[in-house]
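Participant: Sequence:
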Amino acid sequence: MQNIVVFGASGQLGHCLKNVADAKQINNIIFPPENEANILDTDVLSNLFEQYKPAYVINCAAYTAVDKAEDDVDLARKINRTGAANLAMQCKEHGAVLVHVSTDFIFKGDTPHPLVETDIAEPISIYGLTKLEGEQDIARILPQHYIIRTSWLYSEYGNNFAKTMLKLGAERDELKIIADQVGTPTYAIDLAAAILDIITSGGENFGIYHYSNEGVTSWYDFAKAIFDIAGSKVKALPIRTNEYPTRATRPAFSVMDKAKIKTTFNIEIPYWRDSLTVCLEKLKAQ
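For what it's worth, the UniProt record's numbering labels the leading residue of the sequence shown as 1, then goes sequentially.
None of these hints come from the bench; they were simulated from the model. Warning: the hint list may mix true and false statements.
[To be verified] Once the Cα atoms are required to be at most 20 Å apart in a straight line, the calculated DMTMM-like pairs of lysine to aspartate or glutamate come out as:
id, residue 1, residue 2
1, K233, D180
2, K224, E243
3, K92, E204
4, K53, E34
5, K18, D197
Make the full structure from the sequences, and use the hints.
Facilitator: Quick look at the structure:
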């Protein structure tokens with residue numbers, strides 16, 4: 001197989017892709033540092049594509065500070081839209097396939113059923129809007145793409161909800177956690193494995209796919225599971241969204257239907273609490 005190049009290699013999904021690639025003995029995957037892989041610099045991108053001649057590009061680079069994006073619209077749009085479009089144009093010019101990671105935040109979050117890929121996107125935050133714009137530009141520029149929408153990403157790497165809860169749980173006696181936002185946590189190691197399985201399948205089933213772990217939970221129940229598995233004594237108290245106002249509005253219901261990715265690529269998806277247990281055991285061993 002020809003080269004795979006990962007953008008956003010320093011983030012948690014980039015670290016997980018390194019981990020999984022090592023485990024799968026995939027040696028033709030390249031993780032250039034951010035200063036050599038700036039998705040906003042077209043000259044840098046052109047040189048990188050000429051150097052590595054990738055057959056596949058994985059875009060993990062994103063502006064993900066959801067609340068900050070409400071006031072930092074230009075930068076969020078540059079990274080999430082313009083950067084994605086730049087990669088799509090380079091992939092088109094060099095004959096590469098783009099695997100782009102997107103988000104459940106492109107949805108409004110008011111449907112009564114798990115979200116399928118063809119459901120109407122109606123973002124309610126700048127983050128969600130700019131991620132949707134990135135999806136749309138990729139689809140317009142490059143037919144040879146996989147857009148993987150995911151949700152509630154966590155791992156033993158970087159900053160994420162699971163690690164934050166462990167830290168706060170060790171510092172406080174009680175924590176108030178939102179209980180009326182429902183979705184599914186995704187262990188970034190599982191997502192990384194799915195992405196690499198799609199690439200190594202060698203098929204051309206291009207398009208949009210949903211991926212999260214199996215099951216449904218709230219942020220409160222997610223936190224409770226973290227504390228229970230970790231043996232934390234902190235008391236978790238459920239609250240409503242309106243009791244914890246944030247700059248950006250979050251989807252109230254963003255459970256995604258994974259039937260398409262499972263049937264197309266024969267992917268088995270772990271249950272969210274099983275994967276959480278694996279992650280917390282790794283963190284404990286560090």
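Participant: Now look at each hint and say whether the structure bears it out.
Facilitator: Hint-by-hint comparison with the structure:
no.	hint	in the structure
1	K233 to D180	violated, 23 Å
2	K224 to E243	holds, 19 Å
3	K92 to E204	holds, 15 Å
4	K53 to E34	holds, 18 Å
5	K18 to D197	holds, 14 Å
Hint violations for this structure: number 1 only, all remaining hints satisfied.
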